[in-house]
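Engineer: Listed below are the residues making up each chain.
There are 2 protein chains.
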Amino acid sequence: MRAELALIGRGNVARRFVELIDQRAARLASDHQLTCRIVGTATRTHGANYAGEPCADAFEVIARLGRSRADLRIVVETTTLDVRNGEPAIAHVRAGIDAGCHVVTANKGPVAFAYADLRDAAAAAGVRFLFEGAVMDGIPIFNLVRETLPAVDIVGFEGVVNATTNHIITAMELGETFEAALARMQEEGIAEADPTLDVDGWDAAAKTAALANVLMNARITPLDVRRTGLGASTGESARRARASGRRLKLVASARRDATGAMVCIVEPRALPADDLLAGLTGSANALILETDLLNRIAICQLSGSLSQTAYALMSDIIAISRADGSRS
Amino acid sequence: MRAELALIGRGNVARRFVELIDQRAARLASDHQLTCRIVGTATRTHGANYAGEPCADAFEVIARLGRSRADLRIVVETTTLDVRNGEPAIAHVRAGIDAGCHVVTANKGPVAFAYADLRDAAAAAGVRFLFEGAVMDGIPIFNLVRETLPAVDIVGFEGVVNATTNHIITAMELGETFEAALARMQEEGIAEADPTLDVDGWDAAAKTAALANVLMNARITPLDVRRTGLGASTGESARRARASGRRLKLVASARRDATGAMVCIVEPRALPADDLLAGLTGSANALILETDLLNRIAICQLSGSLSQTAYALMSDIIAISRADGSRS
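So the sequences go chain by chain: A and B.
Each residue of the first sequence is one higher than the last, beginning at 1 in the numbering used here.
Each residue of the second sequence is one higher than the last, beginning at 1 in the numbering used here.
Treat each hint with caution, since some may be false.
Said to hold, decoys possible - Covered by chain A, per the in silico footprint, the following chain B stretches (three or more residues, Cβ under 8 Å):
(1) 27-38
(2) 95-101
(3) 140-146
(4) 288-298
Calculated directly from the structure, the hints in this document are not laboratory data.
What you are looking at is a predicted structure, and each value in this text was computed from that prediction instead of being measured.
Here a beta-carbon is modelled for each residue, glycine too, at the ideal position from N, C-alpha and C.
Model the full assembly from the supplied sequences, consistent with the hints where possible.
Structural biologist: Quick look at the structure:
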């Protein structure tokens, strides 16, 4: 099966993705009868092109991909996200679906702000919209539930989903100040130059909304998540927790209340030391799913990185090729 | 799609399975266009029958199922296992495949002793042989790797996979004697009347072989696993570990050495307190997968039970119906 890809966004994740499909080309061909060719690219700063010809913008690249006659036409969306409204990723996803392309994205915005609409639009257009890399750096959370937990309802979840705050809290437990810990994270490239979206819990809230929308059919946005970030007293709380045998973590959680309304919360919590989430250090993250049939199942990534996110994009593309292969 | 099932073995897991497919019948029909009907049963003590007529044994039940004209013919194998040779489960699986039936089993024996042969026989016969409930009580470990980690190699694993020994070690940490802890586990129905297979690490070794065979294409049997069970000094080791901030666990692990040979070990290990496996208490179990592309990923079940194993059988049946539906 011959897939043609348009890369919308060309940052670190996209670069690693391009390396990865090159490195695994033989495996994709032998195990999945799939060849991938990048036919178009659009970046904010270096312009856009399709088949070697310049384009006006990402939307023209997407439209031209839609007219290709490849077996699979796939938009790979990895632009820099405005996490407060999900753009421009949402517009790119919508344009891809409208052009009759499958869309894979590593951005949480579309799923956090517009999941139900995009899911329904993709279904109506007969294309797939996948986003395994959007929330947990490539550990297979959405594929896990869709492919391996049939006939199971997810009734809630609880997780540690933001690496920057996890690093900072761990450092503060050991006596470092918030400012020193943050500066070190920035030097090491873990925290963003503007870390407020991580520190104030906004990134975790966007991931919580994305997870709740997909796994629990919640129809919320990040604005519906009750959110408490790290503050001046967090270091003291972290040290006090540790002294009493507990561990402070920024915990993201979701459940339905007695009326069926979603209750989604991001807040620092002092967890018992033997809680699964208490042991997560550094860039580890984890999600505990509360299910109706299997009690609690957790999936953890013990060392996240760019490579995982790039892998998630590739695994979504393989999922598309498998589904398409079994249809024809 | 109309599935006809023969239950080989009719113990607690099979009973819970029958309840479950009844409880979820509407969901199976709406989400998976699948109806399941039990047409045959074979037990060691209460005889065998097919379509209401008595049969000589399990093999006659399987042979008659093979002549049915249902869309899907599925043998559901849950007999009591001789974990030292994998029988009679292996013979039942083989008979099912030879009769042209799909086979799902909750027994680890076939995968621990004869995986490659049974896999190849099933492929040659055009049927599926699935066993999600065989090792980790229904958490989706085999489906996880097969369905959600395409193009990833598993290069090793480490886990806590036996609930009885985990319960006993936890109790001994808190000062209980081995004998008292074991007696309590037996009263509560957690440990078997004959607990030696758990206590001496044999059950964990069989699971290790099963995981290594399927996830790492190992072609070993439980006899190839280096095995140290719990002994007279384990309580003292557990208390000493805990006093120094570590936790003793019976750890199952596998990797390849520099020559490519499998090194599989089951032994008590004192783990750092923040190791993911250290926090597992009671019937929790977990497996950490070491991968070539995603570093370390863990999947944990925080509260295992019979229901999970029964669910695993159902999820295997759904997987069979999905694959069959996409083929036709």
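Engineer: Could you run down the list of hints and mark each one as holding or not?
Structural biologist: Here is what the structure says about each hint:
1. 27-38: holds (count 4)
2. 95-101: That given contact is violated, which follows from only 0 residues of the stretch 95-101 of chain B lying within Cβ reach (below 8 Å) of chain A.
3. 140-146: This one holds; 3 residues, not fewer than the three required, reach chain A with a Cβ under 8 Å.
4. 288-298: Check passed, 7 qualifying residues.
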